[in-house]
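*Asks:* Sequence:
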Amino acid sequence: MSDTHNLHEFIKVPPGDVFIHCGDFTQTGGAHEVSRFCEWVKALPHEHTVVIGGNHDLILEEGLWEKFHKHRFRQPKPKEGEAEATSESMKALTRQSCTAYLEDEAVEIRGVKFYGSPYSPRFHDWAFNIDRGRLSEQKWMQIPKDTDVLITHGPPLGRMDKCFSGQFAGCEDLLKIVQQRVKPSLHLFGHIHESHGLSFDGHTVYANAANVNLQYDPHFKPFVFDIPLPLPGSSAKSETAVAAEEANGKGQTVASSKVEKESMDKSGPSSSASTEGEGGRRRLRVGPLCRRPPDDVVAAQVRRTQAGLADLLSQQVDAGSMRTFRRLHPEAVFSVGTSDPVSGVEAEAIVEHEIEWGQPGDERDEIEIG
1 MSDTHNLHEF IKVPPGDVFI HCGDFTQTGG AHEVSRFCEW VKALPHEHTV
51 VIGGNHDLIL EEGLWEKFHK HRFRQPKPKE GEAEATSESM KALTRQSCTA
101 YLEDEAVEIR GVKFYGSPYS PRFHDWAFNI DRGRLSEQKW MQIPKDTDVL
151 ITHGPPLGRM DKCFSGQFAG CEDLLKIVQQ RVKPSLHLFG HIHESHGLSF
201 DGHTVYANAA NVNLQYDPHF KPFVFDIPLP LPGSSAKSET AVAAEEANGK
251 GQTVASSKVE KESMDKSGPS SSASTEGEGG RRRLRVGPLC RRPPDDVVAA
301 QVRRTQAGLA DLLSQQVDAG SMRTFRRLHP EAVFSVGTSD PVSGVEAEAI
351 VEHEIEWGQP GDERDEIEIG
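Each residue of the sequence shown is one higher than the one before, starting from 1 at the first, in full-length UniProt numbering.
Treat the hints with care, since some could be wrong.
Straight-line Cα separation of at most 25 angstroms, SDA-like style, residue types lysine to any residue; simulated pairs [as the list claims (entries may be wrong)]:
(1) Lys145 <-> Ala100
(2) Lys91 <-> Glu39
(3) Lys91 <-> Asp125
(4) Lys42 <-> Ile11
(5) Lys176 <-> Gln215
(6) Lys113 <-> Ala100
(7) Lys91 <-> Thr28
(8) Lys183 <-> Arg132
(9) Lys42 <-> Phe123
(10) Lys113 <-> Asp125
(11) Lys183 <-> Phe164
(12) Lys139 <-> His203
(13) Lys12 <-> Gln27
(14) Lys139 <-> Glu103
(15) Lys12 <-> Pro45
(16) Lys113 <-> Gly202
(17) Lys12 <-> Ala43
(18) Lys91 <-> Gln138
(19) Lys113 <-> Val13
(20) Lys183 <-> Glu137
(21) Lys91 <-> Gln142
(22) Lys176 <-> Val107
(23) Lys183 <-> Asp125
(24) Lys91 <-> Leu157
(25) Lys183 <-> Ile130
(26) Lys113 <-> Ala85
(27) Lys176 <-> Glu103
(28) Lys162 <-> Gly133
(29) Lys176 <-> Tyr216
(30) Lys145 <-> Asp125
(31) Lys183 <-> Leu157
(32) Lys42 <-> His32
(33) Lys91 <-> Ser35
(34) Lys145 <-> Lys176
(35) Lys42 <-> Ala85
Calculated from the structure, these hints are not laboratory results.
With the sequences and hints as input, model every part of the structure.
*Replies:* Next up, the structure:
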């Protein structure tokens with residue numbers, strides 16, 4: 001998930017072992033917003049929860065809230081006997097509420113290596129901004145080369161980073177480091193609401209997981225990916241590389257969504273899956289989209305943008321991503337359906353992608369990331 005902007009309670013979170021949020025879980029970055037999100041995260045059933053901040057999560061950047069934004073946004077006064085919130089106290093609260101709050105840090109979960117950073121290219125006086133160029137490159141050079149899942153708030157250049165104005169807002173330095181040095185199996189981010197979708201470069205799956213659209217409606221449902229757990233003494237990335245080599249460059253990747261079998265009980269969640277006894281089939285699913293909450297709730301939480309952008313409510317999966325998958329997997333089957341979200345009807349945009357994976361008798365543990 002990403003960019004929920006206080007609307008997390010209106011988005012159904014799919015079951016899984018690891019829940020990830022790519023930042024901007026608040027709207028104005030106040031302490032009460034952070035506290036509310038932390039209570040929600042603690043109540044999630046997932047065994048592990050991984051969270052990073054975003055440019056809206058102002059109070060999490062040390063010194064920024066006190067210096068620039070404390071009086072810009074009106075916040076509730078502390079209750080009697082309650083200490084005034086600080087960046088340090090809110091960051092500590094966030095760390096306590098989840099398995100890992102990552103701020104240019106790494107965590108390993110069952111052999112899969114995650115790295116998270118809240119930074120994105122400078123944009124006015126928002127949080128976790130960094131200047132493009134030398135400073136940006138130094139920041140991204142901190143990413144360990146053995147990272148399996150990279151979590152950043154902002155996108156790399158050219159990967160689901162197109163703004164409604166037509167500008168590509170992604171970070172060129174981040175793209176360079178990701179493609180030439182780190183090469184993670186999965187790169188998760190958000191920030192650019194109107195470019196929700198997927199992309200694939202032959203090794204890394206890129207996912208703009210923003211859940212709200214340009215008008216701050218919770219328009220998109222979370223992605224679900226499965227990642228094979230590494231064998232003892234190996235890494236998830238090395239397993240992926242072997243699989244890719246065996247596929248003769250067909251672009252198969254560690255990142256996909258649920259491994260489903262016809263015999264699997266679809267009515268309940270599963271913390272792991274196996275392809276024992278048959279060839280596993282992987283399905284990559286986008287959608288269906290979330291139902292919009294009541295207008296009064298939305299109005300109380302967000303600032304509406306100009307009405308002329310209403311057509312962006314029907315934004316579907318990135319067309320370039322679909323072309324890429326079709327090129328890499330001509331055997332794939334796609335289906336796309338939509339209804340009119342402007343009329344209040346629940347919208348739907350589903351892209352299904354199925355490829356053969358493994359051979360009969362293969363056994364492969366899975367870790368599900370939702």
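*Asks:* Return the numbers of the hints above that this structure violates; sort them in rising order.
*Replies:* 5, 9, 10, 11, 23, 24, 26, 29 and 30
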